[in-house]
Amino acid sequence: MTTPAAAPSRTSSPRSGPRSILCGLIGSGIGGSRSPAMHQTEAKALGLPLVYRILDSDVIGFDADDLGDFLKTMAALGFDGTNVTHPFKQAVVPLMDELSEAAAKLGAVNTVLLRDGKLIGDNTDWSGYRASFLASLGVLPRANVAMVGAGGAASAVGYAHLDLGAQRLAIFDPATERAQALAERLGALFPEAEVIAASSAAEAISGVDGVVQCSPVGMLSHPGLPFDPALLTRDMWVSDVIYFPLETELLKAAKEIGCATLNGGGMAVMQAAHAFARFTGQEPDVERMLADFAKASKAV
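Numbering (my numbering), first residue to last: 1 to 300.
Check before you lean on any hint, since a few could be wrong.
Said to hold, decoys possible - Distance ranges between label pairs, derived from CB positions:
no.	residue 1	residue 2	range
1	151	230	45 to 53 Å
2	72	135	32 to 40 Å
3	185	135	23 to 31 Å
4	95	175	45 to 53 Å
5	95	199	36 to 44 Å
6	181	257	17 to 25 Å
As the list claims (entries may be wrong) - With a cut-off of at most 25 Å between alpha-carbon atoms, the simulated DSS-like pairs for lysine-lysine come out as follows:
no.	residue 1	residue 2
7	255	295
8	118	105
9	298	44
10	118	72
11	255	298
12	252	295
13	105	44
14	44	255
Don't read these hints as lab results, they were simulated from the structure. Note that the coordinates shown come from a computational prediction; the quantities given were computed from them, not determined experimentally. By construction, the Cβ of each residue, glycine as well, lies at the ideal position given by its N, Cα and C atoms.
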């Protein structure tokens, strides 16, 4: 089993004395991210002076070619680390001095630690989803899994299910070449499993233990259903990585059929919790973070 990388000790920092822990999020169009609230609320509960800044490329004015200089500037300004989201998760990989095992295998980094002049890349998307799935649906069968969507989230989620022991993973995406490429990459990482690109959602879902939905369909900005819920049976579980809204049309339909369901809130919180532990060197209270997230979601 692959395990998340341990966080380097913050005591290795050349800076000394009481100070704030400075973190951020690099991405495009991320003004509405809940990451600052999740990190700063938990830090306050733990008595940690942590500041978490949004670093939106659309606002600041930088692109993938500028990432190297941008990260150097962050280090010079005293940042302890940063999360990375779309569209930079792959672009930062060659800039890292060190990579965790999962980040190297996935070819994607969502968490960067800045330590002693080094950039250390990790990926907590896969471990966050894995932890959320185990906590909510872990007692259910998971040997035969269908995955709808083959984008960035799917790579981490598919990796998590194969790490959890899936013997067969069928991937469907309307972009068939993308699904095939992901199937080949994950299949090479887990040669003991059967990883295929399905030609249709119906082919992927037929006879599986559960379905994980990784496409953007169902988000407030992309309303609708990613596939016909009639393909589901009540003995299947259904997981959706979307967390805005928490209950997508797909999850509503799956509940009506009788399926066990999992929304994307747990993945969002757990990936943040794992990153938080790396940034601060302290373990967060996950149950408190989940409760805070749920409360904030109801207020939206």
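Here is how each hint holds up against the structure:
Roughly 25 Å separates the CB atoms of residue 151 and residue 230, a value that falls outside the hinted 45 to 53 Å. Separation of residue 72 from residue 135 is about 38 Å and conforms to the stated range, judged on CB atoms against 32 to 40 Å. As the Cβ distance of residue 185 to residue 135 is approximately 27 Å, the hint placing it in 23 to 31 Å holds. At about 27 Å, the beta-carbon gap between residue 95 and residue 175 misses the expected band of 45 to 53 Å.
The given range of 36 to 44 Å is respected by residue 95 and residue 199, whose C-beta atoms sit roughly 37 Å from each other. For residue 181 and residue 257, the hinted distance range of 17 to 25 Å is not satisfied, since their beta carbons lie about 32 Å from each other. Between residue 255 and residue 295, the direct Cα distance comes to roughly 22 Å. Compliance with the 25 Å bound is thereby established for this hinted pair. At most 25 Å may separate the alpha-carbon atoms for a hinted pair to count; residue 118 and residue 105 meet this at roughly 20 Å.
For the suggested pair residue 298 and residue 44, the alpha carbons sit about 21 Å apart, so the restraint of at most 25 Å is met. With a CA separation close to 10 Å, the supplied pair residue 118 and residue 72 stays within the 25 Å bound. Restraint check: the Cα-Cα separation between residue 255 and residue 298 comes to about 20 Å, which is no more than 25 Å; the hinted pair holds. With a C-alpha separation of about 20 Å, the suggested pair residue 252 and residue 295 falls inside the 25 Å cut-off, and the hint holds.
Note on residue 105 and residue 44: the hinted pairing is violated, with a Cα-Cα distance of about 34 Å set against a maximum of 25 Å. Of the pairs offered as hints, the one joining residue 44 and residue 255 is violated, with about 36 Å between alpha carbons and a cut-off of 25 Å exceeded.
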